[in-house]
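> Take these sequences, add in the hints, and give me the full structure.
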Amino acid sequence: MNLFRPINASALVTIAAISVSIIPAIIHISGLTSESRQGTVSTAGDMEEGDTEDSQANLPTEDVGAIGHNRKCIECDLRGVDWQSRDLSRINLRQSNLTGANLQGSKLVNAVLIGTDLSQANLSKAHLYGADLKTANLQRANLENAQLLHASFSQANLTEANLENAELRDADLSFATLQNARMHHASLYGAILRNADLAGADLSEADLRYADLSNANLEGTDLTNARLDFAILPDSIR
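Residue numbering for the sequence shown follows the working numbering, starting at 431 and increasing by one per position.
No wet-lab data here; the hints were simulated from the structure. Everything numeric in this text was worked out from a predicted model, so none of it was measured. Treat each hint with caution, since some may be false.
[Said to hold, decoys possible] Below, computed lysine to any residue pairings styled on SDA-like, alpha-carbon distance capped at 25 Å:
| # | residue 1 | residue 2 |
| --- | --- | --- |
| 1 | K537 | N575 |
| 2 | K555 | Q534 |
| 3 | K537 | T565 |
| 4 | K564 | L663 |
| 5 | K564 | D512 |
| 6 | K555 | Q569 |
| 7 | K564 | T654 |
| 8 | K537 | R501 |
| 9 | K555 | Y619 |
| 10 | K564 | G545 |
| 11 | K537 | D512 |
| 12 | K537 | K555 |
| 13 | K564 | E590 |
| 14 | K555 | S515 |
| 15 | K564 | Q514 |
| 16 | K564 | A629 |
| 17 | K564 | D600 |
| 18 | K555 | R570 |
| 19 | K564 | Q585 |
| 20 | K564 | N540 |
| 21 | K555 | R520 |
| 22 | K564 | F605 |
| 23 | K564 | Q534 |
Shown next, in the form of structure tokens:
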């Protein structure tokens with residue numbers, strides 16, 4: 431008995447036609463799956479200010495590698511996220527919740543963190559050069575040895591934050607709340623501290639040369655051995 435029967439030409443044509451129709455479908459499904467996985471992250475060019483589509487999605491921790499430059503995740507729930515030593519430069523996390531997040535040693539250069547909740551977050555040794563943290567909540571955040579040059583903390587809440595040895599040269603801290611903040615040996619050279627609330631803060635051995643402290647609240651502030659050369663001081667301590 432002959433078990434191997436030859437396949438006629440018409441059968442081969444039918445098989446080829448089926449393959450041609452199936453392969454594009456598989457590719458299309460694969461593309462949709464890839465898009466669905468990345469749907470929580472949008473590029474900065476995709477949406478204008480105020481757009482809401484995809485902006486409020488929760489960003490899974492494992493997707494941090496897909497963020498890259500010029501990404502944003504607005505009003506996202508990122509509590510306790512572990513992004514230690516990550517490059518998050520230029521990311522937009524405006525009004526997101528990063529309470530207790532681990533950002534130690536991360537690069538957040540020119541990041542947009544307006545109104546972001548970073549309370550109790552670990553930002554020690556992080557690089558936030560030029561970052562925008564206006565109205566952000568940084569209560570009890572750890573910013574020890576952080577690089578914060580030219581960063582904006584205007585109207586931010588830094589109550590009881592740890593800013594020891596932090597580099598805040600030319601930073602904007604106007605109207606910021608820094609009650610009981612630890613700023614021992616911090617560099618605030620040329621920083622703007624107009625109307626800042628520094629009541630009870632530790633500024634011992636801090637560099638405040640050329641800083642603007644006009645109308646700042648320095649009640650109970652420790653300025654032991656602080657450098658105040660050419661600083662603009664409030665009337666209360668002139």
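> Could you tell me which of the numbered hints above are not met by this structure, giving the numbers in increasing order?
Violated hint: only 7; rest satisfied.
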